[in-house]
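> Working from the sequences, and respecting the hints, build out all of it.
Note that the protein sequences, when read in sequence, are chains A and B.
Numbering-wise (my numbering), the first sequence opens with residue 1 and increments by one.
Numbering-wise (my numbering), the second sequence opens with residue 1 and increments by one.
These aren't lab readings, by the way, just hints derived from the structure by calculation.
Ideal placement from N, C-alpha and C gives every residue a C-beta, glycine not left out.
Honestly, I wouldn't trust all of these hints.
Computed from the model, here is a short list of chain A residues facing chain B with C-beta under 10 Å [claimed, not checked]:
1) 56
2) 58
3) 94
4) 97
Now the in silico label distances, taken between C-beta atoms and shown as ranges [claimed, not checked]:
5) 45(A) <-> 245(B): 16 to 22 Å
6) 302(B) <-> 62(A): 47 to 53 Å
7) 74(B) <-> 14(A): 56 to 62 Å
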Amino acid sequence: MIRSRKPSTLVRLATMSALVVLLASMVDAQISIVVAKSSTQTASASELKLMFTGSKFNWPGGTKVVVVDQSESTVGRAFYEKFVGKSVSQVRSEWNKLVLSGQAIGPRKCASDEAVKKSVAENPNAVGFVATSALDESVKEIYRVIAFVKNE
Amino acid sequence: MKHHKLLCSMALLLAAPLAANAQGSLNVYGYFSTRIEKSFAVPDVVGNAIVKEDGVAEWSVPFLNVMMSHQISENGRVFVNLNGSKAGTIDVRNFWGEYSFAPALTVRLGKIYRKFGLYNEILDAVPTYYGIEPPELFDGDHLIVSRTTTLMLYGEHEIGPGQVNYSVSTDNGESGSPAASTPLGYDLNYKFGEGDYTLGISGFTSGGYTTSDAKLGSGSPKSGVLPWMTSDRFTVLGGYGEARLGHLTLQAEYWRSPHTIERDTAKVKEVISKAGVNAAQRARFLKNASGAVTGGNVRVNDSYDVQTYYFRAGYSIETSFGELGPYVQWDWYRNAETIGNKTYGGDDEAGTADDGEFTKLTIGAVFRPVPQVAAKLDFSSHNYRLNATNVSYPEFRFDVSFIFGQ
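Rendered as structure tokens:
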């Protein structure tokens, strides 16, 4: 007698329930990489990744970039995992290596979207990231990242 | 008294605006670190027999690196790196100012770490990299080139899918005399794959005959010239590569440094009579190894090569407790000219070996509960030939560091 390999109704129901619970704990978040409203700076996704990991210190035109970070936040963790492809710990370690050897000045650290927007708005050479839902008139989006963020 | 001065100085520095860790303002930051190390069953030759004795456990005085960086204008920056390694003195590791004319050209002047290989510039960033000990190229007992220089031009330029970085540097030379030589250091590398891959070469030429920066009997030199030389003309050339493949980091470097030397007869006689040399070293230093140690018997003009390479692999594992990074490293180093006695400028690893050659296998792990704190534990096996016998001994190190102001 050949046993059916199809999952039983019970197993399927359990799997679907688990998925529903998992998705309920996550929110589909969009993250915007922003510059000051008055800024003319722009860069490709690849260049932006290099800026946020301390591998590139200048905008394409040669102006020094000022990186604004909120790696301790939920948005920050999702940004680095999804956009940069590295954990916050890995990225912080790379920055620490550069800063402790004098090769670079570390990113400006902010604790929230509001603080990032304020810091970015003050400097035409700054770049930061915020939840897209937090965008307002003070900053300009130059790239959008779609990520799942754990709902805490 | 010295301790009080150090503590007061450090307190003043720490009282500076730690919170002002932003570009465009004065940043004060650094790290504390301490280490415990011990070696076991270290072989030595007594008479004609090899005896083994445990090394003394060493717990280093907690030391402190304080750094200050200030962006004085969009293109100008100054940096100071102070080290209180002995808890009684302050050593100015670096002090420089730079001006960037363009991404492709920045001029830096002061006491500057060379851009040399993967590691020279970041050796003070100990808490952040795999491993505790520096690569043998930059081990303090047997540097193959001085770590600092005075004037540097460097820059970057995007080519193809990556970025070319270069540096050229010069200074007064190993002996500090501008008339003696004009040294030149250089580094060229290419970073690609969004910064995950690096391939590069570095080189150095003494630019003529130079002398040691250490007097005989006062310890290891801080450059590539041994203290029993009247003059030494040497070059260093090597290559390096790094690949970061997801959570895996792979690194490799190879260096060769040929020396054309003139030994000082009086100093060689002192080394042989007071520092102690093995049979191979005696045969190098004297024309007739079994003859008397006289000025006429010293081999004055000679040449030798220093060679070294290493491979390192580290893996980053994210856990709910922090980052765990196991690593493994294989070092090989050969310098037939050096001796074992460190007081006389030697190296107790290569200089102890019959042929000046040793290998070292290191296995360890770094644990970072938070990015600012690192605890590292590693074990090494040192392998070499002693008295015509293959010998080895184990060593362990435990290191804890804490970054502040970042």
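> Each of the hints needs a verdict: does it hold here or not?
Hints, one by one, checked against the model:
The interface hint given for residue 56(A) holds, since its Cβ lies 7 Å from the closest Cβ of chain B, which is under the 10 Å cut-off. Checking residue 58(A) against chain B: minimum C-beta separation of about 5 Å stays under 10 Å; hint holds. The beta carbon of residue 94(A) comes within 8 Å of a beta carbon in chain B, closer than 10 Å, and the hint placing it at the interface holds. The criterion of a C-beta within 10 Å of any C-beta in chain B is met by residue 97(A), whose closest approach is roughly 4 Å, and the hint holds.
As the Cβ distance of residue 45(A) to residue 245(B) is approximately 20 Å, the hint placing it in 16 to 22 Å holds. Between residue 302(B) and residue 62(A) the Cβ separation comes to about 51 Å, which falls inside the hinted range of 47 to 53 Å. In this structure the hint that residue 74(B) and residue 14(A) lie 56 to 62 Å apart at CB holds, the actual value being about 60 Å.
Hint compliance for this structure: no hint is broken.
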